[in-house]
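Chemist: Could you build all of it, start to finish, from the sequences and the hints given here?
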Amino acid sequence: MNNSILNINELPAVDRVKHVAQGLALLDAIIMPEWEYRYFSFNCNWDGAGKEMMASMRDGSGAEYFLHFADAGVAGKVICGSPLPNVSECLNAMPEAFQQFKVEPAFSTDNASLFFWRGVKQPSWCASPDGLKEYPLLGFFVGGIAAYKSLVENYYEKSIDATVLEEVFASLDVTADQLVILNPDIELGDLVDDFQEILGREF
Numbered sequence: 001m002n003n004s005i006l007n008i009n010e011l012p013a014v015d016r017v018k019h020v021a022q023g024l025a026l027l028d029a030i031i032m033p034e035w036e037y038r039y040f041s042f043n044c045n046w047d048g049a050g051k052e053m054m055a056s057m058r059d060g061s062g063a064e065y066f067l068h069f070a071d072a073g074v075a076g077k078v079i080c081g082s083p084l085p086n087v088s089e090c091l092n093a094m095p096e097a098f099q100q101f102k103v104e105p106a107f108s109t110d111n112a113s114l115f116f117w118r119g120v121k122q123p124s125w126c127a128s129p130d131g132l133k134e135y136p137l138l139g140f141f142v143g144g145i146a147a148y149k150s151l152v153e154n155y156y157e158k159s160i161d162a163t164v165l166e167e168v169f170a171s172l173d174v175t176a177d178q179l180v181i182l183n184p185d186i187e188l189g190d191l192v193d194d195f196q197e198i199l200g201r202e203f
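Heads up, the sequence shown is in full-length UniProt numbering, so the first residue is 1 and it goes up one at a time.
Hints are computed from structural coordinates only; laboratory data are not their basis. Be aware that one or more of the hints could be misleading.
Unchecked claim - BS3-like, lysine-lysine: derived pairs with alpha carbons at most 25 Å apart: (1) K51 <-> K133; (2) K18 <-> K149; (3) K51 <-> K121; (4) K51 <-> K18; (5) K149 <-> K51; (6) K102 <-> K18; (7) K149 <-> K121.
Modeler: Spelled out as C-alpha cells, the structure:
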C-alpha cells in the first residue's frame, strides 16, 4: 500500500484534511471495533485542553503517518519504505512554529520518509525533502473514500457498501440503519467513546 500523490499541493485545504482524517477514523471505528487493529485514528483533544488534534494511520507493516493540528497550522510526517538518511536536516527545515510537533516522542520524527506542513497563513503546503517523485500515503486525503474502500476490502476480505461509506464519511455521523449495513455486530452505544475522541461530541 502506497497511495501516493505526486505533488504536495494535491493536498486539499487544512479543514478538508481534518474532515477526511476524522471520517477515516470514524469509518475504521465502525468497521473494526478493536482499536489496536485499526488503520486510522483521530484525537480531537490531543493536548487535553481542546486546542490540539492528532491524526494517524498505521498499516501494521511499518508505514505510518501523523498529523498534528495546532494554532500554528498543521505539521505531519510519513514513513513508508526507507527512512531519510538526513532526517534531522529535513526536520529542521520545518518552521520553528511547529516545534511542539518536532519534539513530540509519539510522532517518532527521528524515523521519517518526509515531513510536510502548512501554517495558518500559508497559501500552500510545504514538504521536506521537496521535489520528491511521490509523496506516499497522502493520497488518502485526496479523492474521497475510494482508497479507503479498497484498503479495507482487501484487509477484511468482504465487500463494503460504497454509498453508505460515502454518506458516513461526508456527514461525520452514522445512523442505526447505516450501522447495520457497515457492521451489524455492533450498536450505536458501542461508538460513544469513539465519537467523543474523534469528533468531540455525542451522536
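Chemist: The structure should be examined with respect to each hint, and the outcome stated for every one.
Modeler: Evaluation of the provided hints:
Taking the CA atoms of K51 and K133, the gap is near 34 Å; set against the 25 Å cutoff, the hint is violated. A hinted pair counts as satisfied when its Cα atoms are at most 25 Å apart, and K18 with K149 qualifies at roughly 19 Å. As the CA atoms of K51 and K121 are separated by approximately 18 Å, the hinted pair is consistent with the 25 Å bound. About 14 Å separates the Cα atoms of K51 and K18, which keeps this hinted pair within 25 Å; it holds.
Restraint check for K149 and K51: not satisfied, since their Cα atoms lie roughly 31 Å apart, outside the 25 Å limit. Between K102 and K18 the alpha-carbon distance is near 20 Å, which keeps this suggested pair within the 25 Å criterion. A threshold of 25 Å between alpha carbons decides the hint, and for K149 with K121 the separation of about 33 Å lies outside it, so the pair is violated.
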